[in-house]
Amino acid sequence: MKKLSILSLLLVTLLLPYSCTDEQPDITRPGGGTSNNNDWLIPQNNVLDGGPGKDGIPALDAPKFTEVNQVDFLDDDDLVIGFKVGNDVRAYPHPILDWHEIINDDFGDLRVAITYCPLTGTGIGWDRDLDGNTTTFGVSGLLYNTNLIPYDRATDSNWSQMLLESVQGKMAGTAIVTHQVLETTWGTWKALYPQSQVVSTDTGWSRNYDRYPYGDYRTNNNSLFFPVGVNDTRLPAKERVLGVISSTKAAKAYRFDSFPETGIGVLTDEFREYDLVIVGSQEANFLQAYVQPDGLIFEAVQNKLPTVMQDNEGNTWNIFGEAVSGPRMGQKLEETRSFIGYWVAWGAFYEGLAIFGQ
Amino acid sequence: MLKPLGLCILLLLFCTPNAMAQTCCSGGVPISSNLGLPFGEGQTLQLNLNYDLNNLNTQKTGVNIDGDRTRERITHSTLLQLGYSLNQKWAVDVLFSYVRQERRIFRQNQLSDFTFTEGFGDLVFLLKYKLMSLQEDATSLSIGIGTKLATGAADRRFNGIRLNADLQPGSGATDGILWAQFTHQFAFRPSLGFSANTIYSYKGTNDNYLPITVNNEVIAQSYQFGQEWQLIFNISDRLILGRNLIDPYLTLRYRTVNQDTNDNNLVPGTGGDWVFIKPGFNYWFNSQLSIGANIELPIYAFVVDTQVTPTYRFNTGIYYSFSLKKRELSILNTN
Chain A
1 MKKLSILSLL
11 LVTLLLPYSC
21 TDEQPDITRP
31 GGGTSNNNDW
41 LIPQNNVLDG
51 GPGKDGIPAL
61 DAPKFTEVNQ
71 VDFLDDDDLV
81 IGFKVGNDVR
91 AYPHPILDWH
101 EIINDDFGDL
111 RVAITYCPLT
121 GTGIGWDRDL
131 DGNTTTFGVS
141 GLLYNTNLIP
151 YDRATDSNWS
161 QMLLESVQGK
171 MAGTAIVTHQ
181 VLETTWGTWK
191 ALYPQSQVVS
201 TDTGWSRNYD
211 RYPYGDYRTN
221 NNSLFFPVGV
231 NDTRLPAKER
241 VLGVISSTKA
251 AKAYRFDSFP
261 ETGIGVLTDE
271 FREYDLVIVG
281 SQEANFLQAY
291 VQPDGLIFEA
301 VQNKLPTVMQ
311 DNEGNTWNIF
321 GEAVSGPRMG
331 QKLEETRSFI
341 GYWVAWGAFY
351 EGLAIFGQ
Chain B
1001 MLKPLGLCIL
1011 LLLFCTPNAM
1021 AQTCCSGGVP
1031 ISSNLGLPFG
1041 EGQTLQLNLN
1051 YDLNNLNTQK
1061 TGVNIDGDRT
1071 RERITHSTLL
1081 QLGYSLNQKW
1091 AVDVLFSYVR
1101 QERRIFRQNQ
1111 LSDFTFTEGF
1121 GDLVFLLKYK
1131 LMSLQEDATS
1141 LSIGIGTKLA
1151 TGAADRRFNG
1161 IRLNADLQPG
1171 SGATDGILWA
1181 QFTHQFAFRP
1191 SLGFSANTIY
1201 SYKGTNDNYL
1211 PITVNNEVIA
1221 QSYQFGQEWQ
1231 LIFNISDRLI
1241 LGRNLIDPYL
1251 TLRYRTVNQD
1261 TNDNNLVPGT
1271 GGDWVFIKPG
1281 FNYWFNSQLS
1291 IGANIELPIY
1301 AFVVDTQVTP
1311 TYRFNTGIYY
1321 SFSLKKRELS
1331 ILNTN
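As given, the protein sequences belong to chains A and B, one line each in that order.
Per my numbering, the first sequence runs over residues 1 to 358.
Per my numbering, the second sequence runs over residues 1001 to 1335.
If we strip away everything but chain A, and leave its shape as in the complex, we get (with noise of 0.2 Å):
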């Protein structure tokens, strides 16, 4: 009898497991959202679990910063993204943004959250007031054309960070309000703004922020952690190249190789309904499009960083697009929806998309 019982309670044991936990528990959704909806806009088995989880990498709420000069784990040549608005003026740094993806974070009345996914190498200013209600973004632990797909915490739907509009969910469909960033080296950035803000390693997390989490991934043209749609290979997948996107969703893309060796340069072209400016550096490691106004003919201002421009009004524009003196001081520059990103991940969004000079 006592043999049977050990033997009957140790059944019991083996099918447990199997027997009781069929079912998703309980877990509170803000927002009432589920992950359940089946409603994507995208092809739904194209959307491929990343590993981590649903807020796996968590993203940063209510970043902690420090001084420029107090700033010791990042080398010159790390990519940091700057926001500047007004005289606030703050860097993310790409050490960090590996580790958590998303950072909100508020400006005044301006909330914003600063996405990047590191493996397409797009970093995007993103509102965080969605139809009047302000919400924070998590890392959804999906990814779609291997860019991630941040989740809003007010509704639970799904967005596409590269196109810039939510794919499942209560949202579908919304596009998001992005705001103009700048992606470039700490070096650049440090003589741009030393009197920035920068987001500090003290973020509550215990995470190695001096070692990169993705091995030769930057740099290895072959590697991809996931798979993408289209594999345009008319340049190599990891060239860092500035796209911009039409209203159209259409979108062209610059590249560094357009713009002198050594210092600043401008050049103009017309992209579907836009008109652009753009001005770049490959020694200083940024690119940036704005729409150019009308009558306004832009050269470049070398050794005068962060002026960047001139005007034939006479005006000096900053790299943010805002005018730093002249009769237009005070105006800026009209945003475009552009951001930095391995070729790969345009090509495979943007099928086909054109490239400057080509």
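Incorrect hints may have been included.
Said to hold, decoys possible - Stretch by stretch, here's where chain B covers chain A in the computed footprint (C-beta under 8 Å, at least three residues):
#, stretch
1, 55-63
2, 202-209
3, 214-220
Claimed, not checked - SDA-like mimics (lysine to any residue), calculated; alpha carbons at most 20 Å apart, straight line:
#, chain 1, residue 1, chain 2, residue 2
4, A, Lys170, B, Asn1159
5, A, Lys238, B, Asn1265
6, A, Lys238, B, Asp1263
7, B, Lys1089, B, Ile1145
8, A, Lys238, B, Asn1264
9, A, Lys238, A, Thr219
10, A, Lys238, B, Leu1266
11, A, Lys170, B, Ile1161
Because the hints were derived from the structure by calculation, they are not lab data.
By construction, the Cβ of each residue, glycine as well, lies at the ideal position given by its N, Cα and C atoms.
Let chain A serve as the given structure and place chain B on it in line with the hints.
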């Protein structure tokens, strides 16, 4: 006798991964570490049914614990191992598995996400040969060769989303396995036994990894788990407590695994070296039937990059063996 022994050792040494290694991202279906039932008399059938729980919620970078316990991976496995000894030299093992993979994410100390898959795992065959047997089997050396077939599900989805290799019940690849075992019973105390096992798994490639469809064309990657080598030392004894027979044992397991590759590129956050200690016992109802349990704890772990790595493993099971030869005799006698 020494020639095949030397060949066997050389073969295993040459096949040892030449870099550091593996992963416990691959949640850990405990297939290879459970291989190798003991040799029985000729025409003996053995049955071993186990439940194995592998809990991973220790995040490490290299050898350092990060102190972040927001991610938890659990692998539940039910393993049915059948062993048949053809004679005193040859035996074959077959291992079936049913696997449930779970992933939990905690945010602000609350469960924020839960993902699971389950299904049949890969099927393993192992053919074993006893190379050497001394002093009425008090000392023996056996070798084996086997394969793990890609019978397990490797295309599971959760909420319609395809999951990566780490969360699949099966690997989608066929592996080769080399196995060797040395056993020794001490003369001064015949119930005291020592064994050493070594297992090398050459991992095959899943050529249909994460397929996506674009313009009616299927695009997939080739995923290969890192090559794995294990060395397992075990010491056991028999205690007689009244009318109860109990075999306590202590196992030390070293496991080293190379980094996984995806389209021949190294996958970060995979690969490493581990040392585990595993105390356990078997309780014998009679000479044919026993139950047992053990818990395995890591005492050293080096992981490549940052990984969620094993925290503990619990295993319990039933073992039963019977001789088909005897059964035939008894049938004859009955007739």
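Just pull the numbers of the violated hints for me, sorted ascending.
-> none
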